[in-house]
Structures are given as C-alpha cells and as structure tokens.
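**Q** One letter stands for each residue in the lines below.
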Amino acid sequence: DQQVKQNSPSLSVQEGRISILNCDYTNSMFDYFLWYKKYPAEGPTFLISISSIKDKNEDGRFTVFLNKSAKHLSLHIVPSQPGDSAVYFCAALSNAGGTSYGKLTFGQGTILTVHP
Amino acid sequence: ETGVTQSPTHLIKTRGQQVTLRCSSQSGHNTVSWYQQALGQGPQFIFQYYREEENGRGNFPPRFSGLQFPNYSSELNVNALELDDSALYLCASRLSLGGANVLTFGAGSRLTVL
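Chains A and B are the protein sequences, given in the same order.
In short: position in the first sequence from 1, add 192, done, that's our numbering.
In short: position in the second sequence from 1, add 438, done, that's our numbering.
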C-alpha cells in the first residue's frame, strides 16, 4: 500500500526554466510534508517542508504547494540550475511532533535532470 | 563531530546469513531511525530508537533488530537474510527536540544478498 506516490519517475528541464515535481498521498492523517534531495552516494538532504495548516511555503528558489482537498503537493524550483539535478523524494508524517519526526513515509522519488 | 557516518558502505552476504550495519550519529543526537531503500523505491521506515530503546517500528519482521548505544552510535541487525533484503540501508539521526527538518541522513550501507 503506497501511501505517498510520485508518479513521474523522471523529469527533464532546461536550465533557467521551472521544474515542477508532484506528489500525491492517500493517508488523511498526514499533517506534515517534506521534500528531500538525494545525490548519488550521499544520503537524502532536507530541502523544504510544509505543515498541513498552510498551503504554500517558500524558501529562495524552492516553493512547496499543498492542496489538502486533492491530497496533492508539488515542489516548484525556479529558476532550475544544473546543480539541482538529483533524485527528489516527497515524504510525509502523521501526528507531527515529538517522537514521530523520525518516522517518515517516502514516495518513490523523481529523477530531475536540468540541462545547461 | 558532524554528520552521520555509516559502515560498511558496501557488503555482500548469502541467503540465511546474518548482518550488522553500523551508524555513528552526530554528537548529541539521541534519536536514530533506520530506513531500507530498495532499488527504484523510496526509503521505507524500519524502526526508531530513543535513549537506547525502540520507540516505533514499521512493517518489518522481528529478524530486523537494532541497538542504540550511549555514545550516539547504533546498529541494525538482520538475521536469516533473504534475497529481498538486498537494499540500501539508511541511518538518520536528530535531537529529540528537533523536527523532521533536522533529520540528518547518512550515505547508507548497500547490502547485496546472493
């Protein structure tokens, strides 16, 4: 039972353009969402997060949008840079707080390639 | 000491054997989580340890077990290895009062079961 889904295995974008990565979830108990970036031979690194009480969170070139009614979130990267090429994972938490923070449910990942 | 260090980086075992994977957490990080990432999949939560006790487990059988030590290191043990146990195993640590956004992952240990 895949509770967090990233339906696009890969995405190719030109440098300077917008990258949009999508994520869908099925568990209504999820109340905190995160995006991680992973380079080969490295562990995932935190990128940006959003609480279910918000619908948008922005950090520099990265913006995450949350549509609770559709159980959908997306990560926008503007402008995209070649260094952004990596695997991007969407992750979710339920009952966010305290000990639950280590128990993430991840999507399958999307490979983003940004061409110069 | 900064960062999370995992060892070994790669190892090969045969079916039925036992394996121990090690993780050295960032100093002061008293909460550690372990994840299994199969090829082409996202990481899947195995269990979490806080102050040397397991306090949360994912959908993994009892042959997956762990230990956490006072020096911020931890172990993942897998008994009776199966072919499907082949995966990248990730360790992640944080301060107990820290949020998920400060969860620090290691680079992982890649296990191949033949």
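Please note that the accuracy of each hint is not assured.
[Claimed, not checked] Here chain A is said to cover these stretches of chain B; the calculated rule only asks that three of the stretch's residues, wherever they fall, bring their Cβ under 8 Å from a Cβ of chain A: (1) 461-467; (2) 476-483; (3) 486-497; (4) 525-533.
Just so you know, the hints here were simulated from the structure itself, not pulled from any lab data.
Note that CB positions come from ideal geometry on N, CA and C, so glycine has one too.
**Q** Compare the structure with each hint and give your call.
**A** Evaluated hints:
Counting residues of the region 461-467 of chain B whose beta carbon lies closer than 8 Å to any beta carbon of chain A gives 0, which falls short of the minimum of three for the stated coverage. Only residues whose beta carbon comes within less than 8 Å of a beta carbon in chain A count, and the region 476-483 of chain B has 6; three or more means the coverage holds. Only residues whose C-beta sits within less than 8 Å of a C-beta in chain A count toward coverage, and the region 486-497 of chain B has 5 of them, enough to reach three; the restraint holds. Here the region 525-533 of chain B counts 3 residues with a CB under 8 Å from a CB of chain A, which clears the bar of 3, and the coverage holds.
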